[in-house]
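Engineer: Since the structure of chain Z is already known, use the hints to place chain P on it.
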Amino acid sequence: MTIHISCQNCGTFDIAGPGHPAVTFDEAAGQHVLTDRTALRHNHAEDCEPHPETGHYPLHFTFFAAVGPAETGPAT
Amino acid sequence: MAMTDQALVNKLLSALFTSSTTFTITPGTGGGSAFTITPPFRLHLFSTTGSSTATGTENVAGTSPGYTSGYPSGGLSLGSSAFGTFTSGASTNGSAVTWTATGTWTLGVAGVEIWDSAGTAVRYLWGPLSTAIGASVVVNSDTVSFAIGAISASGLNW
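Those protein sequence lines, which keep their order, are chains Z and P.
Each residue of the first sequence is one higher than the one before, starting from 1 at the first, in our numbering.
Each residue of the second sequence is one higher than the one before, starting from 1 at the first, in our numbering.
Isolated chain Z, as found in the complex (with noise of 0.2 Å):
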């Protein structure tokens, strides 16, 4: 029920789900979605410098699903 992040420079982790404050429930798809990067846990290191383009910290985001299996059809 989670989606791993890390910050790509100084390794900051952080685990994102159910009663995070950077996940809300949206309730038309019944799914916790990760909604604000600017709530997730980065205690910032010295060394730890934003991309020189965008201002953000790259992080890594690590996804989770559990897939089962489709009634198959040809590619749309």
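Keep in mind that the hints were calculated from the coordinates and are not lab data.
Heads up, the beta-carbon is just placed ideally off N, CA and C, and yes, glycines get one too.
Just so you know, not all the hints are guaranteed correct.
[To be verified] So the derived label-pair ranges between C-beta atoms look like this:
1. H51(Z) - F23(P): 17 to 23 Å
2. M1(Z) - I25(P): 35 to 41 Å
3. T24(Z) - G32(P): 44 to 50 Å
4. T24(Z) - S52(P): 25 to 31 Å
Structural biologist: Using the frame of chain Z, we list chain P on its own:
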């Protein structure tokens, strides 16, 4: 309610998703058309999750820069053997996949689908992310990945 013997589910799913070579299943008389499985299987990202009978809305480069959509060459390969041998009706992916964003992903990612590499690609597996990611959360130079074992495939509901 599951109705298929689990040992058969294990054999069928292992045959489908551990093969590195194309093979064809030919039904007996009256059993319909031959069915060809074409590895490697490819993981695609979806802003709207599909269902067991219909594909979802795939992410595209225009709203997810750094992602390549379409079939059969879009998404990313799950390697020569997409999943390990199935036990208890389930298995996980054996290779990691990673995209690097080259701009803000103005559409989020809600789910995934796994298609084969046939010229007319066939959809095999679908499902939601355990936690989705919203619009404009992924930005330039971020990486989006599924680690080895992060995708769990189950046929227990067959």
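Engineer: Take the hints in turn and mark each one as holding or not.
Structural biologist: Taking the hints in turn, this is what the structure says about them:
1. H51(Z) - F23(P): 17 to 23 Å: violated, 46 Å
2. M1(Z) - I25(P): 35 to 41 Å: Hint holds: Cβ distance 36 Å, inside 35 to 41 Å.
3. T24(Z) - G32(P): 44 to 50 Å: holds, 45 Å
4. T24(Z) - S52(P): 25 to 31 Å: holds, 27 Å
Hint compliance for this structure: hint 1 alone is broken.
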